[in-house]
Amino acid sequence: MSASVEQHDAENVAAEHPAAEHHAAEHRDYIGAKLGMWIFIFTELILFGGLFVAYGMYRSMHPHEFHKAAGELNVVLGVINTIVLLTSSLTMVLSIVAIRLKRKAQSMLFLASTMVLGCVFLVNKFFEWRAKIHHGLYPGSEHLMTLPPGERLFFGLYYGMTGLHGLHVTVGIVVMTIMLVLLRRDKIRHDDFIKLENAGLYWHLVDVIWIFLLPLFYLAA
Amino acid sequence: MEHEADHPHDDPHIVGYGTFIKVWIALVALTAVLVGLSVTGTPNLALLGLLVITPTKASLVFFYFMHLKYESTALKYMVAIAIAVLVIFIGLTFTDYLFR
Amino acid sequence: MSTAAASVAAEPASEPSFYAGSSRQGILSWLLTTDHKRIGLMYLAAMLTFFLVGMTIGVFMRLEHLTMGPTIMKPTTYNALFTLHGVIMIFLFVIPGLPAVFGNFCLPIMIGAKDVAFPRLNLLSWYLFMSGATIAITSLFTGGGPPDTGWSFYVPYSVTTGTNVTMAVLGAFVIGFSSILTGMNFITTIHRLRAKGMNWMRMPLFPWALYATAWVQVLATPILGITLLLVILERVFHLGIFNPAIGGDPILYQHLFWTYSHPAVYIMIIPAMGAISEIIPTFAHRTVFGYKAIVISSMAIAAVGSLVWAHHMFTSGMSETSIIIFSLLTFLVAIPSAIKVFNWVATLYKGSIELKAPMLFALGFIFLFSIGGLTGLFQGALAVNMHIHDTYFIVGHFHYVMFGGTGFAFFAALHYWYPKMFGRMYNERTAVVAWVHIFVGFNLLYFTMLVLGMQGMPRRYYDHLPGFHLGHLIATVGSWIMVAGLLIMIMNLVRGLFHKVEVPANPWGGVTLEWTVPSPPPVENFDVLPVITEAPYSFNPVSKEQAP
Chain E
1 MSASVEQHDA
11 ENVAAEHPAA
21 EHHAAEHRDY
31 IGAKLGMWIF
41 IFTELILFGG
51 LFVAYGMYRS
61 MHPHEFHKAA
71 GELNVVLGVI
81 NTIVLLTSSL
91 TMVLSIVAIR
101 LKRKAQSMLF
111 LASTMVLGCV
121 FLVNKFFEWR
131 AKIHHGLYPG
141 SEHLMTLPPG
151 ERLFFGLYYG
161 MTGLHGLHVT
171 VGIVVMTIML
181 VLLRRDKIRH
191 DDFIKLENAG
201 LYWHLVDVIW
211 IFLLPLFYLA
221 A
Chain L
222 MEHEADHPHD
232 DPHIVGYGTF
242 IKVWIALVAL
252 TAVLVGLSVT
262 GTPNLALLGL
272 LVITPTKASL
282 VFFYFMHLKY
292 ESTALKYMVA
302 IAIAVLVIFI
312 GLTFTDYLFR
Chain B
322 MSTAAASVAA
332 EPASEPSFYA
342 GSSRQGILSW
352 LLTTDHKRIG
362 LMYLAAMLTF
372 FLVGMTIGVF
382 MRLEHLTMGP
392 TIMKPTTYNA
402 LFTLHGVIMI
412 FLFVIPGLPA
422 VFGNFCLPIM
432 IGAKDVAFPR
442 LNLLSWYLFM
452 SGATIAITSL
462 FTGGGPPDTG
472 WSFYVPYSVT
482 TGTNVTMAVL
492 GAFVIGFSSI
502 LTGMNFITTI
512 HRLRAKGMNW
522 MRMPLFPWAL
532 YATAWVQVLA
542 TPILGITLLL
552 VILERVFHLG
562 IFNPAIGGDP
572 ILYQHLFWTY
582 SHPAVYIMII
592 PAMGAISEII
602 PTFAHRTVFG
612 YKAIVISSMA
622 IAAVGSLVWA
632 HHMFTSGMSE
642 TSIIIFSLLT
652 FLVAIPSAIK
662 VFNWVATLYK
672 GSIELKAPML
682 FALGFIFLFS
692 IGGLTGLFQG
702 ALAVNMHIHD
712 TYFIVGHFHY
722 VMFGGTGFAF
732 FAALHYWYPK
742 MFGRMYNERT
752 AVVAWVHIFV
762 GFNLLYFTML
772 VLGMQGMPRR
782 YYDHLPGFHL
792 GHLIATVGSW
802 IMVAGLLIMI
812 MNLVRGLFHK
822 VEVPANPWGG
832 VTLEWTVPSP
842 PPVENFDVLP
852 VITEAPYSFN
862 PVSKEQAP
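Protein chains in written order, with my numbering: chain E, 1 to 221; chain L, 222 to 321; chain B, 322 to 869.
Hints were generated in silico from the structure; no laboratory data involved.
Computed far set for chain B versus chain E, every beta-carbon distance over 10 Å: (1) Thr-370; (2) Phe-381; (3) Met-382; (4) Tyr-448; (5) Ile-458; (6) Ile-646; (7) Ile-656; (8) Ile-660; (9) Val-753; (10) Trp-801; (11) Gly-817; (12) Val-844.
Subject to a maximum C-alpha distance of 30 Å in a straight line, what follows is the list of computed DSS-like cross-link-like pairs (lysine-lysine): (13) L/Lys-297 with B/Lys-517; (14) L/Lys-243 with E/Lys-104; (15) E/Lys-102 with E/Lys-187; (16) E/Lys-102 with L/Lys-297; (17) B/Lys-435 with E/Lys-195; (18) E/Lys-195 with L/Lys-290; (19) E/Lys-187 with B/Lys-435; (20) E/Lys-195 with L/Lys-297; (21) E/Lys-102 with L/Lys-290; (22) E/Lys-104 with L/Lys-290; (23) L/Lys-297 with B/Lys-613; (24) E/Lys-102 with L/Lys-243; (25) L/Lys-243 with E/Lys-125; (26) B/Lys-517 with E/Lys-195; (27) L/Lys-297 with B/Lys-435; (28) L/Lys-290 with B/Lys-517.
Just so it is clear, CB atoms sit at the ideal spot from N, CA and C, and this is done for glycine as well.
Starting from the given sequences, assemble the full structure and let the hints guide the process.
This is the structure we're talking about:
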C-alpha cells in the first residue's frame, strides 16, 4: 500500500541524513515545487504579453512615429543593460550549480554578483528615465502633448513596459537577498536547492522579457 | 511514476559551468549581431533580427539557463502551450487591426 | 461501490473530524489553518455573504423598474448599483464559485490525497480574496464614490469618471491573484498527488473539470491583471494608452478586457459542469455515459472558449473580417458544451432516478443552461447581434448561463456535499419547496428579459418606455418569488447545521472517494491512502446507507 511505501522512504532519509530528519517529516516535492514555479512563470509571460499586444497593435497603426520616437532612446545604455542582465542570468545559474557541487562560498558569491548586476541595471534605468524626464518626455508632460499621437503612444508604452519590468527586477533582487540569507544559514543545500532554483527561474524570466524589450524599443529606430 | 518519493536525489543531472558560459557567449554574440543588423542594415534586416534572433536568444535562456532541455516532456508541452496561447492572443487581435 | 476502500458506514470514526482536529483554538484555528477543508468553508461563508449582498442589490434594481420614471433612486444611483451588482456577483461569487468552495474541500479527497500541493499558498489565496473584496468594498465609501461604469470598466469613461474606479479595479486585481494561485495549486495537486493507481483516465470528472478550469485561471487571468493595471496607470499617471485624443484605441481596451473576461465565463461553467457530472450518475445510480467524451469536451471548451472573446465587441467598430472569424469560433465552442448535455441525458436513460434536492438542482441546471447556451448562439450570429447587443436579451442570456448554470450547479453541489462537509443533513421537503420557488421565479424573471430584449429594451437603463412596462412588472414579481426561494434554501441549510444527527459516510450511494471517508472527514482525510484499481463510476447493485 502506498502509505507504507511513503513511511519507509521517510524513515530511510532520516536514517541516512540525520540533519535532514525534520525535512523527512515534512512533505517535500521537488518536482511539484518546480511545476508550481513554472506555472507562475506562465502567468508572468501572459501579464507582459498583454502589453506586447498593445505594442504590436499600436506599432502596426503608427509605424513611422514609433520609428522616430525610438530615436530618442539611448541605444548604448539599452545594450549595456542587456549585457548586464545576460551576465546576471549566467551568475544566477552558476550559483545553483555551485551549491549543488557543495561549493557554498562560490554559490553565495555568484548570487551576490547577480544582485549587484541587478542593481547596476536599476541604476542605469534610473539615469535613463531621469534624462528623459529632464527632456520633458514623460506621460502627462507638456512637451509630450506637442508630439504626434504615435510618438506619445510609444512613450506611454515605454514607461509602462520598462517600468513594470523594473518593478520585477526590484522584486527579484529582494527575493535573491532572502535566498542569500537562506544559503548562509544552510537552509539551501546541495540536496535541497529548489528555492534557489525557483528564484533563478524568476530571474531568467525577467531576463527573457528584457531580451524582447531591447529590439522593440531601443532598436526600433 | 510521479508519486515516487524523490528526495534526497532531487535532480540527478548537474550541468557544468562550461556549458553555461558557452551559452552566455552565444547570447552576447547574438546580441551583437542583432544590434549590428538594426543599426547598419535595412529595415527588413532589422525585422529579421527581431523575428529570428530574439526568439533564439529567449530559447537559449529557456532551454539552458532555465533547464528546460533536461525537464520532463510534460513540462516542455506546458511551456509550448503557454507561449502558443500568447501568440494566439496576439494573432487573433491582429485580425482586427490589420483588416480595419 | 468501488473496491477502492471498505465501507465505513456504521463504524465510528477512528480519528476526530477536522472540526475538532486542529492544534489551535477558536478563531485562529480557522484564520491560520492550512487545511483545505477549512479554507473551502471559509470561502463558502464569505461567498454566500457576498451573494446575499449582490442579490439584495438586484432586488433594488428590479424595484426601480416597478414604475416608469424614478421610483426609489436617482439615475446615478442605478448606475452605481448595476456596477456593484456585476462586480460582486462576478468577481466575488461566480468566478471563485465552485473551485474555491468545492474544489478546495473535495478535490484532494476525490483524488486520494491528504491536502493540496501548496497548503500555505491556499490560505494566502483566501486572504488575497478577502483583501481584494475589502478594497473593492472600500471603493464604495471613498474617493468619488462607487464606480458607475458597469463591471466591464470600459474606457474612456472609466478613465475620465470621478467615481472611485481606481480602488475598485485594484480590488479586482488582487482577487485575480487569488484565482491564479488557486489554479496553480490545483494543477500541481492533480499532477503530483493523485493516489496510487489513479491514472488520468481513472480520475473522476469533477477533478478533471477543475484541471481544465485551472489552466484557464492561470493563462487568462493575467491579461485582466495587466488591463486593470493599465486603467489605474491611465487614471493616475495619464499614460495615455487608451486615450483616443492621442491615437489610443478604446477598442484595444475591449480586446484586452474580454480576452480574460470571456475565458472567465468558462472558469465559471466548467467546474459547474463537473459537479453536475458527479451528481447525475449518483442519483441515476448509473455509470456516466461517455466518460472520455466528457473529459475531452472539458478540455476543448477551455481551449476553444479562449478564442472567442471578440463576440462581445461585434458592434464596437472592429474590422468586419475579424468579426466573421470570431463568429465562426463562437459557433464552434457550442459543440463541446452540447456534447456534455447529451452525455448527461444519456446517463439518465435507464437509470434508477432519485429526485432528491441535489438532483433537482442538477436537472434544473441542464434545462436552464441549455436555454442559456442556445441564446448564446443567437448572439453569435452577426446580423442578429446587431439588434440584440446591449439589450435585455444579453442580460437574460448571461443570467441563464451564469445563474441558471453555475448558480444552480453551486446550489446542487451545496446540497450534494452538505452532509460530507458538515456531518449534518438539511430538510429535504423544505429544500424542494425552495427549489420550486427558485425555478419558477428564475424563469419569470429572466425569460421575460429575453423577450424584452428582442423587443428592444436596452440594458443598464434606469428607466423604460411604456411598451416595456408589462415585461418589467412580470420580471420584478419573478424576482420576488425567486428571492423568497433563495432565502428559504439558505435558511434550510443553516438550520440543518444546528440539528444534531449522525450522518453516514455515504448517504447518497456515491462511488467516488469522498464517500468512503467519514462525514465530516478527519483532518488528513484518509486513515490509509487508497489504491485505485478500477475505472470510476462503477455502480454495483449494493444497498446504500440511509440517513437515520
